[in-house]
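Given the coordinates of chain A, work out where chain B with the ligands should sit on it, guided by the hints.
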Amino acid sequence: MKKVIVIGNGMVGYKFCEKLAANPLRDQFDILVFGEEPRPAYDRVHLSEYFSLKSAEPLLLAPMAWYQENRIELRTGELISEIDVSSKSVLTHKNQSFDYDYLILATGSSPFIPPIQGVSKTGVFIYRTIEDLEAIEEYAKKLQAKGKFRAAVLGGGLLGLEAANATKELGMQTQVIEFAPKLMPRQLDHTASDLLRAKIESMDIEILLGKNSKEILGEEEMTGILFQDGSVLDTDMLVISAGIRPRDELAVKAGILCGNRGGVEVNRKMETSEPSIFAIGEVALYNQMIYGLVAPGYEMAGVAVDQITGGEKLMSPTIDMSTKLKLVGTEVASFGDPFLENDEVIAIRYENKQKGIYKRINISKDGSRLLGGILVGDASDYNQLFQLYLNEIKLPENAEDLILGAREGEGGSALGSALDLPDSAQICSCESVSKGDICGAITSGKSSSLKEVIQCTKASSCCGGCKPMVTELVNETLKSLGQEVKETICEHFEYSRQELYDLVKIHKICTYNEALDQLGKGHGCEVCKPVMASIFASIFMETANRQVTIQDSNDRFLANIQRNGTYSVVPRVPGGEITPEKLVVLGEVAKKYDLYTKITGGQRIDLFGAELHHLPLIWKELIDAGFESGHAYGKSLRTVKSCVGSTWCRYGMHDSVSFAIRIEERYKGLRSPHKLKGGVSGCIRECAEARGKDFGIIAVEGGWNLYVCGNGGANPKHAVLLASQLDDETCIKYLDRFLMYYIRTAAPLMRTAPWLEKLDGGLDYLKKVVIEDSLGIAEELESEMQGLVDHYACEWKEAIENPEMMKRFKHFVNSDESDDQLVFVPMREQKMPKPW
Amino acid sequence: MEELLKTYQTVSDHQVLHWICVGGVSDFPENAGGCVKYKSKQVAVFHFERTQSWYACQNLCPHKMEMVLSRGMTGDAAGIPKVACPLHKKTFSLQDGKSLSGDELQIATYPVRIENGNVYIGFAD
Ligand code: SRM
Ligand SMILES: Cc1cc2nc3c(=O)[nH]c(=O)nc-3n(C[C@H](O)[C@H](O)[C@H](O)COP(=O)(O)OP(=O)(O)OC[C@H]3O[C@@H](n4cnc5c(N)ncnc54)[C@H](O)[C@@H]3O)c2cc1C
Ligand code: SF4
Ligand code: FES
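For the record, the sequence lines run as chains A and B. As numbered in my numbering, residues 1 to 836 make up the first sequence, in order. As numbered in my numbering, residues 1 to 125 make up the second sequence, in order.
This is chain A alone, in the form it adopts within the complex:
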């Protein structure tokens, strides 16, 4: 039995364990791992997600139990303080000594702290571990409570921008300070950096370039930064992200050979100057370089495992540093040599400032090889370009098509199909999985779906950047084996939503039970039931009252369930316009039923905390006062927001309120694959935020501009211009066509923005369908929509007038009591549910 000690349980140290655990000779080794951090290794690449996840659990690369199952002794929270090379042992900070036969240094790196005066002041942070993030969040909250909202990030590289996004998301006004005259100096050229800068600044993060910091100002707590040029930036906290320093302190002390500027020197076997000691990951100095990316680190881990198990694997002679990332919502990628330009190399550039897109490829003079490039704003071509570069594939005749797309005729992609790649082509660089591995997993019969391929090869399980290509390979390989690949909605129906929509229509299927009998199997589930309910609604305009139990749980009770099981009540307020009389009614009803009231982000009023059996009573009063259901619970039209428009506003060009009301009245109750929102603004100042909606209408000289496919939410997208200067009727006609086409063809829970992204041919195609009627279905779409509009009924009115339908609004079947487990606590002058 050989003893292996791993120092450091970070991403690469973990990968070493994973690979050794899977090695056939695993049983010949005792594995002991020391990690300084309090928890097992986690995914540092996705560190920033910790802010939204609020838990380390999902980030863990493997739970504690995994180490036990694999007989790996992991000691977290234990630091190694010394290596004794002569006795082959290590000493922990608790002075315990352990012997090794093989020692693996996987101690990673730590953020580089530039020698600026005052860096030890309170309010200065680094960005590397979960604890760092916790400290940043806590401090930001403390500042905010004191009315302070300014944060700065030192370093405009990849990590700095990520940290800046994080502080912004924490609600801080953020500024980025970079010493170089451009952002991401190591990956981007000037044009790319300028474009990225404009994009980031449009997201309210300010960028200061060419600034050399001299001193952190403030007494105990920092209050600002003084620059070399004498200027001062007032700010309340600072996150330093100015590069990394390998943690080679143990090696230096033990007399292991290290580089002048840090890092443990290794050869192609990952061996250090000391036989039986290996260094991998960000601590290793290979080719006189430290590689701050996981992919090379994972390769190093693989080589080290192979070496100690008697193999002969060597590290690749050159390391590829290509990356694709999403920074502050902007895609950025660079591959090969991004800057290359000389007599032998030609750079082709495409820049579109309006859309914020820049693409550059560097090709050999004879046009045959791709040598490197940069993509900002749209990195959808990355995987393809990267493969062409990496596998030195001969380029097509018009190399510019690679970034501009073929502009004439059909013209597929330059790469044709992913299947044309050589088997050796590396697809997933993090886990170094080749095309042959992926296709082989299927042809050998080991896997038969994307999920299984990912499980068995680990491809795209790390950063996920290669997922589109893995998906394509899996689908194409399955197809080549004669297996059909389908986007089925769940295990009960082997159809896509669009297929089900057509089948229901053609076979005139009217109930969910019939659909299960004729098209599906089993009892159905919480996925297919709401999908079918939505399809029935779109074809027959049936309300949620007809097939109650297939509705999503909110639609079943015509209200949104809240965290304690009570409900919210949101009456429709078309266009956000409401009379004082109606406001009074809302107030009185809320008072009577003791409801919490709040103005929503959708320009209406939400009454929260209604018990199930009170819902009909509340709605009866509201309906008597002229209100209708607001469908806040449904995947259906929510609100059409308006700004006050030309009736009152001095800039208004048209009457946006009247038009918003007309449109909301037209589409109210319309059910769709996901929720639908609209907005109408009276001029381009856009106070209704119409371009943040699925459809947005903006008054311009000579009519309305119609924008489609925007949304807010987690992935905000501005709506894009479909048609301009429309009169009222044409605008509605186009909207009818657009909405109905979306309702017919979108996948479940897919909003209009991702739908457009997936639509073959994109916006141009959509324009053809909606405006030019290229499919010849415009009239059909309009008449279907008219049918739905004509059949509108208020679901709540229907429900309270029908005793049979009313039965469902009761907490107990066998008692009239109300739920005795509900507990509310007071909050300001109202109430809220007792917190979890």
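Treat the hints with care, since some could be wrong.
In silico lysine-lysine, DSS-like type, Cα no more than 30 Å apart, as pairs [what the hints assert, rightly or not]:
(1) A:Lys598 with A:Lys326
(2) B:Lys98 with A:Lys521
(3) B:Lys64 with A:Lys141
Quick caveat, the hints were computed from the structure, so don't treat them as lab data.
Chain B with the ligands only, in chain A's frame:
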């Protein structure tokens, strides 16, 4: 809250001390659930009409301790009858109460009998 959770323990057929009538078959929706009260307990009762099967479980979702499971959607996963919590859609087997969402959560289940058009739930207390 832990206390409350402990009051719900799975009852198997042979442990039943009392069969309690909780209503007529038609008081419960088909292919969905209703909630019934027994002493201080809230129990969710489900009627799977397609196979004429009935299931009962605690109404308390163990995820966030809310009385909501009876309002969840029903269905099956590879043939196992299940309910999806209306709050975060965690799903539970109605056969053995185990979570089907890949976590350790567990709910108590109760036996159901239908006699003369009435629904009876078996309790051990
Ligand atoms: C009440 C409200 C917040 C508020 O107090 O202002 C709200 C509350 C909820 N929103 Fe929202 N959203 C509200 C306006 C918005 C807005 C602003 C707007 O409409 O202008 C947005 C961004 C715009 C957009 O949708 O594009 C918004 C984006 C979301 C999203 C993200 C959608 C996306 O495509 O990414 C969700 C999640 C989802 O739908 O899957 C969501 C989901 C929810 C849910 C339904 C979550 C849930 O399932 O419990 C919340 C329950 C509401 C309730 O119980 O009544 N809410 N939500 C707002 C109700 C507006 C209304 O009058 O109907
Ligand atoms: C915010 C952020 C975003 C990133 N994004 C990307 C990305 O998009 N793509 C990419 O490829 N890379 C990215 N990286 C870099 C990537 O995370 C690192 O390359 C990778 O984590 C290096 O792994 P490692 O195991 O060498 O070091 P680490 O993950 O740092 O692990 C080293 C571990 O060793 C421990 N340790 C050190 N000394 C001792 C000791 N004496 N005793 C015991 N334990 C010790 C440390 O506490 C640490 O836990 C990002 C990094 C950060 C911080
Ligand atoms: S943003 Fe929307 S979904 Fe999130 S907590 Fe607020 S209301 Fe709920
Ligand atoms: S409370 Fe039931 S799943 Fe969260």
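Now for the hints, and whether the structure bears them out:
no.: 1; hint: A:Lys598 with A:Lys326; result: violated, 35 Å
no.: 2; hint: B:Lys98 with A:Lys521; result: holds, 23 Å
no.: 3; hint: B:Lys64 with A:Lys141; result: holds, 26 Å
Comparing the model with each numbered hint stated earlier shows that hint 1 is the single one that does not hold.
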